[in-house]
Amino acid sequence: MDLYDIPLQSASSVMMSKSGDYSRDYAKGIGAEFVFAKPGGVIELFSSDAETGALKLLSSSKTFSTIRSIDNYRVQGSKRDQIVVATDSGSIALFRFEGKSEGYAMVQVQCEVFGKTGVRRVVPGQYVTAEPKGRAIMVAAVEKQKLVYVMNRDSAGRTTISSPLEAHKSSTITFDVKAVDVGFDNPVFAALELSYADVDADGTSEAASKATKQLTYYELDLGLNHVTRRWTKTVARKASLLAALPGGSDGPSGVLVCGEDYISYHDESQADSDISVLLPRRTHHPSDSPIMVTSVAVHKQKKNKFFAICQTELGDAYKISINFSDDKVTGLRAQLIDTLPLAVSLNVTKMGLLFLAAEFGDHILYQLNPSIIDLPGSIEMDSVATAKLIKKGDYSTANANTHAPTFTPSTTLSNMRIVDTINSIAATTGLLVGEYTGNEVSPQMYTLCGRGPRSSVRVLRHGAAINQLAVSDLPGTPSAIFSVKGEDNDDKYIVVSFKDATLVLSVGESVEEVSDTAFVTDAPTIACSKLADGGMVQVHPNGVRHIKADGKTFKDWQCPGLKKIEHASCNTNQVLIAFESQVGEICYFELDEAMNLTEKVTKDLDVEVTCLDIGVIPKGRNRSMFAVLGGVDDTVRVLSLSPQDYLSNRSSAVVQGRPSSICVVDMANEKGTVDKVLNVGTANGIMQQTTIDSTTGALAGNPNKRFLGAKKVEATRVVVDGKICSLLLSSRPWLSFVSNNTGSLTTTPLSYTTLDHVCGFSSEIVNEGIIATAGSTLHILTIENIESVFNETVVPLRYTPRQTCLISGKIAVVEADANDSSEDHKAATYGGAGSKAKAVGEDGMDMDDSDNEESDGGAETITTVRGPIPASKSSWGSCLRLLDPKTASTVDLLELSDSEAALSCCAVQFASQLGEVLLAVGVSKKLEFRPVKAEEHFVNIYRVTNGRLSLLHSTKVGGVVLSMTQFQNKLLVGCGGMLRLYDVGKKQLLRKCEKVVSRTAVKCVACAGDRIYVGSMSESVQILKFDPGRQVMNLVCEDAMPRSIVSMCVLDVDTVCATDRFGNVFVLRSPKNAVEESVVVDDAGLWGRKVGAQFEILCQYHAGEIITSVKKASLVQGGAEAIVYVTITGKIGALLPLVTKDDVEFFNGLQNELRKKASRPVGRDFGKYRGTYFPAKKVVDGELISLWNTLSGDNQKEIAEELDRSVADISKKIESAATKLL
Amino acid sequence: MSRNAGGNLALLASKHIGTGGADTKSHTFLVNQHRDTLASIVGRHDHVSYIAVGEGKSLGRVKAEALEGMLFPCGEEVREMERGCGGLRGGGEGGG
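Read top to bottom, the protein sequences are chains A and B.
In this text, residue positions in the first sequence follow our numbering: the first is 59, and each later residue adds one.
In this text, residue positions in the second sequence follow our numbering: the first is 29, and each later residue adds one.
No lab work stands behind these hints, which were simulated from the structure alone.
Hints are supplied without guarantee of correctness; some may be wrong.
Simulated crosslink set (DSS-like; lysine-lysine; CA at most 25 Å straight-line) [what the hints assert, rightly or not]:
1) B:Lys43 to A:Lys174
2) A:Lys120 to A:Lys76
3) A:Lys227 to B:Lys43
4) A:Lys174 to A:Lys1050
5) A:Lys202 to B:Lys43
6) A:Lys1050 to A:Lys1083
7) A:Lys1170 to B:Lys53
With the rest of the complex left out, here is chain B (with noise of 0.2 Å):
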């Protein structure tokens, strides 16, 4: 990567999306943060089983609200960033 640095870290940063930097805001990184969480999420079977038994709802709806969730995770830009987002945050609680 020491070869690269300069110009192609730019192209780098673009290619990996979540990358922060210097001026980075910690709603940008939040919202990058869910929307990995949720992806993550999505991809494995047992988490959405976890969380479907959790809330009583079927895989399909667990998954497809995931993405849906995707697309705007932690709400409006606030000025002063309070702790807690929309997201999947104790999600599983009832789970087992």
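Only chain A is shown next, with the shape it has when bound in the complex (with noise of 0.2 Å):
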């Protein structure tokens, strides 16, 4: 088996995310920007425009590796910002954004190779930091290495760096690494550090205890270019993270060391001085549970005026404010800003803008407001009081909890407000595949995403959302709709065409017919525009009326005899109409010098006319000089327009079907020259499109084929996002656009109902609209985010989302919280703030919540803040949810009591039960993490009646129950590490049968047939068959790698595809053998190993990324099957069988070239990412197959002669199977 991994969606969380001035374009309405580094090695610069805020990528990429630090470099005396990047290969590189003429690319400086590849605990990478100044690089391990490298520029301007200075220590683990701004003086870089080599020697949990951490100055001697150890002191014991001051001429230089419950400021200069301060800590919040600072930024507003924003691990952010005279720090005070969602990285810009890159969920760009200089009104503690409430420095939780004043979060925001959003699906936890709505074409994939309170379940429909506007009922069902525009290029009139009829609607502030204007309005309009002077032509069966331009007066052309036209196309020179015949008889108009619209030739064409198009006049031309027409006889013919020939043959096609409607689209490519595209739809739902040469008239060959759904298609030319697209309509609407991503045409489905007709719709309310009708309804429309592969509708959700299931057409969502307590326990314990809290869009779940919503002000909850965080380690909050997929929303909820955590589900139907479908849902009591305990675990059975959850009864088993599945009329249990087969009594599960399958815990559990298949936590995947006879389950295939399994799917009775928790994903399949042998002796060999069958590996990657849900499923309608899956990271991807051997050898053949060809941006080779963990096998990375178009033109010649193909058919090929699958 051979299989393409298409990435669909990259990566949506953000693991580091720095603003600076990258491309420095402000002449393009670029204001801030931000550079983020995504897991799955992807590397993307955001801009937010200048005035709206509004966030927009400017470029995207791929770097192939696990990127695990990024910091901004500004070269000594640029003005630019450039990024160091370190990733696991084993080097740094250095990248700067070059603006081109189709958009930003990311180009790599520099690459430095130092040390082996990997995430090793002693290889450098960890951690990079530049000096503010841009005289050096420092970049660490998490033990022991820290290398520092001298930067300088040559003669030409271009940066160079020094061979690396060693900086080592070894038995010293890492925890933060910061340059400090010393200004001009040698370069000092700062490393929080703690010392093994005490506990290791003396081997005591006592010499733990006492282990102290120190905070170090590392420093750069540029005249001896050596690096010496400078300065250590002891800090806080639980300090985790650094911030560094502004310094020099700018500030009194220093860092902020951030630990649990203080922060607290140190330099070399205050070497012997105690400056803390204590954070006001949330009402309610456990005494003994200390609250870690987890990100913090410094803003810099200007010379000596500067403050650090820092955010704890419950999402309160403070504003530290630094109290200096004389480059001495005095002290530090800490004011409460707000409580955000909880982040990885903060980024304060210059303008005053604040980027959150969330840890999961969306991430948020705020505005700060002008109160955040003074912060009136808000909790507040300085390093003074601190001083004077805790003596002698003893800075303990208990002593932050006793003196520490105190607050109640709020959700809503006193200090900044929200400019934009980047959606986000990071953590996905699961997944679902179907057409669950039961009135859709195409399957939506439901992802469960995010944690705590931030979680949802996001229901993904490919393609671009459909905004609706506004819906109004015809008189009929129309034939046609077009729209004219007036005299300033917005529309005036909406003409709408019924059977025997036209509708004149006027388009002003509102949309109203009107029925003084000079259109026919008895007989249907086939064709409908603008013209050059001003006024409007209307072909309708018996003629053509020129209306002029005072909108009175009008010239009729009548057909002569008892012609009718029937098909017409017009712009605002040219009119072309075709009768109804058999000889496919055309005449051609043109609009004079004289302002008559003048009848120039007509022609037989000797075939029946299906549709036809003469396209739109070019920019500085006087005519469209081509016009293309379908005929009966399944072929298309471009005739020309100019006045030497007119109507003379210039080239023709065959096409598949019959034509039923053409458009001829000039679209703007990414060379900045216009392509023009012609798209045919026949009438058996096909699309098919090709290029015209725009002075021969000439069609390329090899047209690009699409089936688009079973209605015959019709073709429009609409804008959007300043693009001349072409809207396609089949069963549903399709957009054909030349994306800014990849460059090449692009055609996407439209998440909306089956459309009859559309136009294109600009007006001074509605600037890039389409008007389309729907049986007899109008439509007004717009479309957004044509570039994104899925469209979102989001279900709020009250905790983490664990596991879902399909039961009875609704979709059951278990979801728990560790540390968390219940809705009830909120209620009882803290009066109701908790559940306040959390009501955030819970569409009127709780009806006392949105009472107090009012009585507020209508105050909106613009923040979801968690907690109050219990007492207990062992407490959940833990809910079960009905959804409908139809409305996508909440059906049922039922909440656990306190200690219950639902970690699992799975729909069950017994045989005693009569056909009732049931609900089993895995519950533990009391868990625990480190080490892993739990007072009790069950397994609940819920009945399902009217959309209801009613428990039935509950049953204790043995271990944790992470998967459920139902096997032949009972259900299968993975509790712990036992598989144990269950029947349903009338008060609990009747056990049938048991077997221990692994010495952890059972992650999944599928079967088919009588097979059982179980994924465990350290024993990897095992094939067990059912033996009714004697009631046991028997071991008939195993594998030999002790993976780690995180999720799996069954591919046929003998094949398994399954994830660990190490980014890998693999196909496994049982021998021919093991089929045979349902009996196998299960006792241990001669080296313990079990004697058994083993797995033959088809199938090995490493896809980057944990990922959380593999799904065997197709993505739209009639589309090829595919293993989908989606990374805790929020990435999703498919592996697509390679079916033909010719495919396979292409695939092949190209990767190989490109992991020749195509450059390593960080140095990371290509196939030893995939073989991160073990060599990859069968499996094309279709990431790097993506990097062909970016590929020189030389490149790709030289590749395609390599491959024995032309450079077009390769492109053609990548093209076809990303189109298979979407």
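With the hints in hand, could you dock these two chains into one complex?
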């Protein structure tokens, strides 16, 4: 089996973000700029619009490595920032962003190798920090190694990098490294270190408890060119984060050391002073639970004016102001700003924008209010008070709890406002694919997203989203619709044609019917347009009406004899009509200099015309040069419209099916020129695209074909995002456009009902809209986010979703949050403080909460606040939820008691229950981690009646239940390391048989026929066979590798696809002879290994991120079936089986060539990255294949020659593999 | 490497932490293994996320706890080493 890994959407979580001046293209309206490092090795450049603040993606690059850290780096004397990236490639790379005609590109400046590849504890790369003056960079490992690179510029202005200087210290764990701002003195780097030398030597826990954390300054002596440990100071034991303060002439220098409950200031110049500030605490926070600071950002306003913003693990953001005089810090002050979602990175820009790269869920850009300067009325604490309250520097959590001022977190923002958000589906814990709404064509993807109060189920549909602005009823079913522009470029009229009448609507502040126009209203309209003379033209079956500029007078051209016009196309200067005739009689009109529409030429095509289009007039010309006609002989013809050879044949091509609609669109391509793209829609639902040569009219060969739906295709020109696109209607609407990301022609479906007719529309209110008819309704719509692969519908949840399953047409979701408590408990203990904070958009589930909100004067919840955190470590908040996929809303919600956590669910039909489908839920009571223990584990059985859940009974089981499945009308439960088969009884489940399959825990179970597939946390996958006679499960096949399974799906009876905790995905097949061996001797062999058949590894691949769910599914109706996966960080991809030998050879050949020719951004070998843990096998890297488009023309040609194909052929093959899937 | 055999081998062993020898005790081996594992987890954002979701902790805390865990990962050495140390065993259990 050969698979092709197609990335559908890159990871949406950000692991680190930076802000700076990367492109400095302020003229293009670029305000603040942000760089994101994303899991899966993606680096993205975003800009915030200078006026609106809206975030826009400028560039996205794949590095084919695991990114571990990035930092800004500014070359001495330069005004632009570059980025320095540390990955698992054993090298550091420097990049700059360059604006090009087709967009921005990330360009490698330097790549310097220093060590082994991989994420290893002594290989530097975990931390990277650049000196603010751009003189040096430090790269540090988790343990021991630290390298310093001295940066310089050569005479040509290029950045040069020295050989590394070592600053190693063995047996030392590094927590954070930051460059200290020391102005133009020798560069200094601060590191937060913990030495285990004494602990290892002593070996007692007493020594471990006595270990101290050190803040160390490393100085790079530029004169002597070496690094020394300059200064060391013991800091708070739990410190984990550093922030450098401005130095030199801008501030006092030094670092803020952030740990638990306190933040302190340290610097060599003030080595003896003790300046620490206690952070205000939340009311109801448990007294023994420390609060850790998890992110910090320093905002430099101007000279000597700066402050830091830090955020704790609860989400509360504090402003840390630093008082100083004569470069000596005298005090710190912590003031509460607001409560925000948890961040991995905070970035503050000069304009006062705060970007919050969220751990999980949507990333948010805030604008700080001016109130940030003094934060009136906010809860605060300063270092002087801290020193008074807490004697002798005893900075313990107990003291913090006694002395800290308290506050109740607010769900609204008082010191900032949201400017824009970036959608993120991270952390994605599950996936369900299928058409569950009952009325859509293509399947939806239901993803379990987010964590805690920001959790949601997001329904993803392929394609762009349509925003419905208005819908109104029409008196009948229209046969066509047109919009006619007025003097300014806005539409003046909407012309709706019916079977035997025409309705004219005028566009103003509202759309209203008008009857005093010169349009023919007692006949249908075939074509209609504004004319260059300011008038309009209307083609109806009996003739052509030229309405003059005054809108009242008109001139008619009558059809000769009994002829009737059947098809027509017009633009501002030209009209082409085709009569209802077997011989294909067509007639061409042009607007002459006297502004009269005059008949120029008629012609018989000798074939009945089925559709035609003359296109729009290119800028600077006065006529469109070509007309394209489709005939009943399944051929499209390009005719010339130039005065020398009116209607002479230029070229023709046979299409697959009867052409039903033709549309020529001038699309700007990535080279900045315009392609004439011919879209031909056929009666059998196929769309074919090809280009027309704009001088000769020749059609390019090899059209792109795509099946759009069961209805005949209608193609129209529309404008979306300032681009001319073609809108194609079949059983669902599609949009074809040149993508900014790939630069190639992309066809994407639109998530909307079936439309019959459509035309572009623009007015004062709706700039780029479309008007469409569906049945007898008129819709005014806009198309949004055409570049995004999926559009989302969000259903908010209460706790982190753990698992989902389909039950009787509804979707069941089990949610559970560790370190949380139930709504009831919160209401009882804290007087509803907690539940109020949680009520966010919970679709009116909690009536009292909505009352509360009203009495608050309609204060809207902006930030969902977690908590209050319960005192007990074994407390959980958990609930079961039933969702209706049709309405994407919650039907029922059942909250579990405080200490219970629902971790798994499964729909099951027992033989004795007369076909009733029950919901089984795996629940753990008082579950704790490190070490994992729980009071008891249960399987609860719920009955679903009329969309309501009711508990039937609860059965104690021996271990944690992470997965269940229905097996031969019984319930197969993985409890701990045991596999048990249960039947239902009146009061509880009845155990039928059991087998120990794992030393740790069973993570997933599945079944097919009499076979059982088990994935466990340490024993990889096993296949068991159930022997009904003896009521035992026998091992059939197992894996030689001790993999740690996360998710699994059965591909066929012998084949399983599974993923592990290290980001690998693999396909395993049991050997043929294993099938017969139904009974395997279960005793140990000579070396303790069981004797049994072992899996054959068919495919193996490192996806780069932990895959949390794999499903076998096809994503579009009639599309190819593939293995669809989601990762914890929100990447969606699919492994498409390559079925023909030709495809296998082609993609492997192309992959090999690309591995040689494509440049490695961070020096990581493509093949080695995919083989990080196991050698990659039989999976073609789709991300690598996508680099094909970025290669230079020469490289493409070389590869094409090597593969014995043409460049266009290769591009098309790549494209067609992707369209097979979506 | 064969060229460097002899004296340089000791140097190499000291340079590459965790290189075992004939007299490496199982406790030392386990301590090294746990430190390697923890460092690998800290270096991978997806792995940290996975644990954070499972345990309901912030990413910052998961990272800091893993780094702190490197100090004394397996507790005191016991004569009969039993399986299972402090570590992160089964850490991501609840995650998805």
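Satisfaction of hint between Lys43 of chain B and Lys227 of chain A, Cα-Cα up to 25 Å
Holds: Lys227 of chain A and Lys43 of chain B sit about 11 Å apart, inside 25 Å.
Given the hinted pair Lys1170 of chain A and Lys53 of chain B, is their alpha-carbon gap at most 25 Å?
violated, 47 Å
Starting from Lys43 of chain B, check that the Cα of Lys174 of chain A is at most 25 Å away, please.
Measuring from Cα to Cα gives roughly 13 Å; hence the hint holds.
Straight-line alpha-carbon gap Lys174 of chain A to Lys1050 of chain A, limit 25 Å:
Status violated; Cα separation ~53 Å.
Quick one, are Lys202 of chain A and Lys43 of chain B close enough, alpha carbons at most 25 Å?
Holds, at about 10 Å.
Holds or violated: Lys120 of chain A to Lys76 of chain A, with C-alpha atoms at most 25 Å apart
holds, 17 Å
Between the alpha carbons of Lys1050 of chain A and Lys1083 of chain A, is the straight-line distance 25 Å or under?
holds, 15 Å
Hint violations for this structure: numbers 4 and 7, all remaining hints satisfied.
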